[in-house]
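Assemble the dimeric complex from its two separately framed chains, guided by the hints.
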Amino acid sequence: MKLNRRTIFGTLTAGALAMSMAACGGGGSDDEGGSGDLASGELNASGASFPDAFYATAIEAYAEVNPDLMVTYNATGSGTGKSEFGEGLNDFAGTDSLVGDDDGVEAGSFQYIPTVAAPITVSYNLPGVDGLQIDQETLAGIFQGDITAWNDPAIAAANPEATLPDTAITLAVRSDGSGTTTNFSKFLDEATEAWTLGSGDTIEWPGNAVAGEKNTGVAQVIQDTEGAIGYVDLADANEVGLVTAAVENADGAFVAPSLEGATAALDGAVVEDDLSYNPLNAAGAEAYPITAPTYLLIRTEYEDADIAAGVKEFVEYLLTDGQELAAEADFAALPAGLQEQALEALNSTIAD
Amino acid sequence: MTATATPEAPAEVDLGGEARARRTDRGFRALVTLAGLTVLIVLGLILVTTSVRAWPAFSEEGPFGFMFGTRWAPNDDVFGTFPMLYGTLVTSVIAMIIAVPVSIGIALFITEVAHRRARKYIVTVIDLLATVPSVVFGLVGVLVVVPAITPAYQWFADLVAPVPGLNAVFDETNTGRNYITASLVLAIMAIPIITSIAREVFATVPETDKQAAYALGATRWEMVKGAILPHSFGGLVGASMLGLGRAMGETIAVALVIGGSVSMSANLFEPGNTMAAIIAQQWGESSGLHTDALIAIGVELFAITVIINFLARVVVRRAEIKMKGAHS
Chain V
39 MKLNRRTIFG TLTAGALAMS MAACGGGGSD DEGGSGDLAS GELNASGASF
89 PDAFYATAIE AYAEVNPDLM VTYNATGSGT GKSEFGEGLN DFAGTDSLVG
139 DDDGVEAGSF QYIPTVAAPI TVSYNLPGVD GLQIDQETLA GIFQGDITAW
189 NDPAIAAANP EATLPDTAIT LAVRSDGSGT TTNFSKFLDE ATEAWTLGSG
239 DTIEWPGNAV AGEKNTGVAQ VIQDTEGAIG YVDLADANEV GLVTAAVENA
289 DGAFVAPSLE GATAALDGAV VEDDLSYNPL NAAGAEAYPI TAPTYLLIRT
339 EYEDADIAAG VKEFVEYLLT DGQELAAEAD FAALPAGLQE QALEALNSTI
389 AD
Chain R
1125 MTATATPEAP AEVDLGGEAR ARRTDRGFRA LVTLAGLTVL IVLGLILVTT
1175 SVRAWPAFSE EGPFGFMFGT RWAPNDDVFG TFPMLYGTLV TSVIAMIIAV
1225 PVSIGIALFI TEVAHRRARK YIVTVIDLLA TVPSVVFGLV GVLVVVPAIT
1275 PAYQWFADLV APVPGLNAVF DETNTGRNYI TASLVLAIMA IPIITSIARE
1325 VFATVPETDK QAAYALGATR WEMVKGAILP HSFGGLVGAS MLGLGRAMGE
1375 TIAVALVIGG SVSMSANLFE PGNTMAAIIA QQWGESSGLH TDALIAIGVE
1425 LFAITVIINF LARVVVRRAE IKMKGAHS
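If you read the protein sequences in the order shown, they are chains V and R. Going by our numbering, the first sequence runs without a break in its numbering and finishes at 390. Going by our numbering, the second sequence runs without a break in its numbering and finishes at 1452.
Next up, chain R with everything else stripped away, as it sits in the complex (with noise of 0.2 Å):
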């Protein structure tokens, strides 16, 4: 289809033969539609052939054992992956509490603030840093932050033990790699994602919305304030969500400065685990029923970041008809 279709396409310009700029026509209609159809495909495939091989460990435990067990002992074919299910959330939210605001700060400072011939350099070194391979970020995290950080984690659970309530979320600890190590690298890692969409995002706000804000006679603040944030807040809550599917799937950064351990605890400072990063520890080593618990949880992690896209979109919408009734 491809050879047919290609050396035709110029016949186009010449608009004489009308009967082969249609065939023309038909047959790049049938190559988009084949090169859309290749991610429903190869989709549909992984989460088949994932499935299939997970399914001993499913039905071992059940998939809500499997889901909400937390004793993770593969020596005794016992998987629950509640541990790494927490473990993933905790770490994903607080990298996403740290990564959206500075992220939303960047971008408006790029497209607002910044003089124009430093916004180039800027955006370039965002994008860099995008560019950095995972296993670096993990690397640099567990041999410089990792144990340059461990004091700094001491003095503020110090800190903080007389404050009933947070002296348990950042309890004693001596040893850097924990929960909240992983989620610095991940808000890291998602600040570049973030930031460059919704970079993306404040410039369709239309130039007319901001100058109308100014001329009501609103400050800077205001006009992001009223004018930005409010066009903006769809393309936002999407860009949040590419970070958050980055940061919960992300593999071996986590796997490097969490400290691997398959426990849960409120104590942020104390180590854990993820999905993502159990699979890539444990794989090399597993046999029989421990690999199908892996792939397993792969597949767990898949309709977990199917669900959360889902009800992303679902904020999306209903935000955005709110709007629109607001303005009409």
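One chain only, chain V, in its complex shape (with noise of 0.2 Å):
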């Protein structure tokens, strides 16, 4: 029922993005000769959920700069964002993950766009206990369920001046499908010699874990479970208040999670060529090293002109002005370098 429902709306969206791609595209031709050099009309985007605080803030203050240019951004999910991309429902679409064989989207019909970044905080619900460091092993032992008790020596041996008590942990994680997940069990993945769980969206994870839905969901349960620890952005565990532990990075530092680790993280991390790059366990002393990065993905033909333009505009908003609303928004602006690399990309992939 419940999927028929969705076949449902999906055909109504398709519908009345038709609808409007072809008003929109009237519209464009008939003031042609007057708009100047703003864009205008409707932009539908769609995917990632994690970084769609920042987007929200970005549209909202575009909105101000050029209120002729409509842009929406539904937080699907980059699952149904890469999806809805291969089937043309959107004009471009956010994912935290980079783009895979059974995804439904051409390889070379795209370019990938980095936007921000954001570090995903390991939190934790301890009373009296703060200020926890973890060393990447214990982590891995934790997450995989070989280290149950909070007083495992483990634990206590990187936190010599913490009293533990033997409260039984409990793991929050997620129980939809998320970029957050795959960036995470990546990097426990690549960072440890532990983790046996492997990386993905979704992970097999132990017996005593309790999901939440979303990150919200997630520091939710951390909230209301004594004992629990989890992953959970850093908009997230703000928001609620949550105690976030300190993470061993690859130089063997402990580093809290903050939006200036993060930024480190991504100047230390390698940028290939196709844009697509790896924070998770940069090197510097500095790096926190659970930073996860979210591209947009931007078609390399778009059919319509006004279309193409506006994409253009707007994701030019996000590399330039744009960057100085990711802290408002908890998330880390990508370093000059990248930014410029950025630019360029999308110069050439939508030219004038």
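FYI, nobody ran anything at the bench for these hints, they're computed from the structure. Treat the hints with caution; some may be incorrect.
[Claimed, not checked] Derived coverage of chain V by chain R (criterion: at least 3 residues anywhere in the stretch with Cβ under 8 Å from a Cβ of chain R; other residues may be distant): (1) 135-145; (2) 326-335.
[What the hints assert, rightly or not] Pair by pair, the computed Cβ-Cβ distance ranges are: (3) Leu1283(R) with Gly126(V): 44 to 52 Å; (4) Thr1194(R) with Ala206(V): 18 to 26 Å; (5) Thr201(V) with Val1293(R): 44 to 52 Å; (6) Ile1221(R) with Glu362(V): 57 to 65 Å; (7) Ser1183(R) with Gly236(V): 20 to 28 Å.
[Unchecked claim] Reference listing, derived: stretches of chain R covered by chain V, where coverage requires no fewer than 3 residues with Cβ under 8 Å from a Cβ of chain V: (8) 1310-1321; (9) 1379-1388; (10) 1403-1412.
Idealized CB from N, CA, C, for every residue including glycine.
Encoded structure:
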């Protein structure tokens, strides 16, 4: 039933989209003479929910810069965003994970544009204990169920000063498939020897895991469960005031999650030719090790020139003035070098 | 067809044009047949389209492996749904154990005990409960019930700790997101449905039967037991089945409170998952075979619901035959 409703809904949105595209196509050609440089019409985007707070802030601010270009971003999740991109249902998509073989997006039909990054915090609920330090192997042990109590010697070793209770550990994880899970598990997979659960947007968590929906749901689980530990983005952890742990990075330093730590991780990451990059466990003493990137997918070919102009204008805004809004939404801006590369890629993908 | 049938309808009143009336009748017949067929067509289309999309998942695992496999690992392309099937059955059955007696109690109270003036208000309130959107139940469950009830669960687990058997079913916990919370929320959601049908069913018990019971010297309870309940058995099974259907298919409220963990545990205080809930949770980020597997869960749920309804029908028919036999 649920599925059927979704299909109908999909059809309706597709129809509405077609109509709106037709409408703005017509509108565009009407005022081509006098509208100056700014694009107009409607842009439809969907995808990752992780950067939604940043995109929402940027879209709101952008409406004041150019009120004629209406941008909507639907936080449907990276998977849906990518498959809608493949079906031509959106004008650009947001994704936390790279495009895979079975995502329904044709190779060569898109360009990655990195927009912002954000630290994924390891937050916990243990009354009376804060400023916990967790090394990488211990983190892997906790999240695959090898370490089940807070007073485990492995945790105590890195925290000689803390008084750890014998409370059982409850893992707070994501119930929905998520780019946050992908990045968190990828970090454990790449950084540690002990991790055996692999990486992906859903993980077979051990039996002491409780799942919440989206970042807010996980934050909720941590908040109302004594002894819980989970991975949440910085914005949601701050929102409910969760206590976060300092995580050991590649240089062996314990770094608490912060935007500065995330930007430092971006600086230390190697950027590939297609602009994908991996800031997880990046080098640098200041770098926060669990920093997740997020991208937009833009098309290499747009059928409608007005849409192309709109996408270019909006994405350019995201990469320039929009970057200053990132911190407001608890996201880390791109370092200058990567920002430059992203703008270059945008300009060469969508010609004027 | 609609256009020709409606304006001519009044013609039937003046008995003059018999031919015209017959034509109207035929039009009406076609119209309602079409309406009736719509249900079948829609149901058929749902079954066909979902089965087609689910096919890759079924053929990957085999229908048996898909249903009884205990490992659900989308990143390894392994899809066994038994933990979800278990969760669905456990939560629905517990919900029914709570909801059916309560609902029958409410319905008996309304029809037999409550003052006539109070009756009206009680019915309105119960019906209001039925109109509350399920996501509201889910949110109340996760924001209010879960934090508040966790200590109660812990207290109960400590209480039954020395009792063998019970201590396995109600074992230690530090989370309120579990099978029991989901069952409680489902029970509250099913109560208005079961109550309102049970009420209708009780209202159909002939007044003469009840009076006859009283005339034989029955107390009120004996009258309920001897006249109302036997007469209503089939209807009550039907009401419970509707409630069960709601409980098994309920998605968002369960997704919020059950804890979303793909594991099976005899401990009802442990988090689990249900078939409907996992579809809602994982749909957004799924792709490829994972999506197909989620659709396949939908097909599986559909099939199970049909089977349970069919069994319920058999139960009702048996009971009715037995009752009629006893009467004659």
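* Is the gap between the beta carbons of Ser1183(R) and Gly236(V) within 20 to 28 Å? -> At roughly 24 Å between Cβ atoms, Gly236(V) and Ser1183(R) fall inside 20 to 28 Å, so the hint holds.
* Should the hint that Thr1194(R) and Ala206(V) are 18 to 26 Å apart at their CB atoms be regarded as holding? -> Roughly 24 Å apart at Cβ, these two residues keep to the hinted range, so it holds.
* **Annotated coverage of the segment 1403-1412 of chain R by chain V, confirmed only when three residues or more have a Cβ within 8 Å** => Holds, because 10 residues of the segment 1403-1412 of chain R bring their Cβ atoms closer than 8 Å to Cβ atoms of chain V.
* Please test the hint of 44 to 52 Å on the beta carbon pair from Leu1283(R) and Gly126(V). => violated (60 Å)
* Take the segment 326-335 of chain V, compare each residue's beta carbon with every beta carbon of chain R, and decide whether three or more fall closer than 8 Å. => As far as the segment 326-335 of chain V goes, the hint is violated, because 0 residues have Cβ atoms under 8 Å from chain R.
* Do the beta carbons of Thr201(V) and Val1293(R) sit within 44 to 52 Å of each other? -> violated (35 Å)
* Do three or more residues of the segment 135-145 of chain V come closer than 8 Å to chain R, measuring C-beta to C-beta? -> This one holds; 4 residues, not fewer than the three required, reach chain R with a Cβ under 8 Å.
* **Assessment of proposed distance window 57 to 65 Å (beta carbons of Ile1221(R), Glu362(V))** => Holds, at about 58 Å.
* Establish whether the coverage given for the segment 1310-1321 of chain R by chain V is satisfied; the threshold is a Cβ-Cβ distance below 8 Å, and no fewer than three residues must meet it. => Violated: only 0 residues of the segment 1310-1321 of chain R have a Cβ under 8 Å from chain V.
* To do: Examine the segment 1379-1388 of chain R: at least three residues should have C-beta closer than 8 Å to a C-beta of chain V.
  => holds (count 7)
Comparing the model with each numbered hint stated earlier shows that hints 2, 3, 5 and 8 do not hold.
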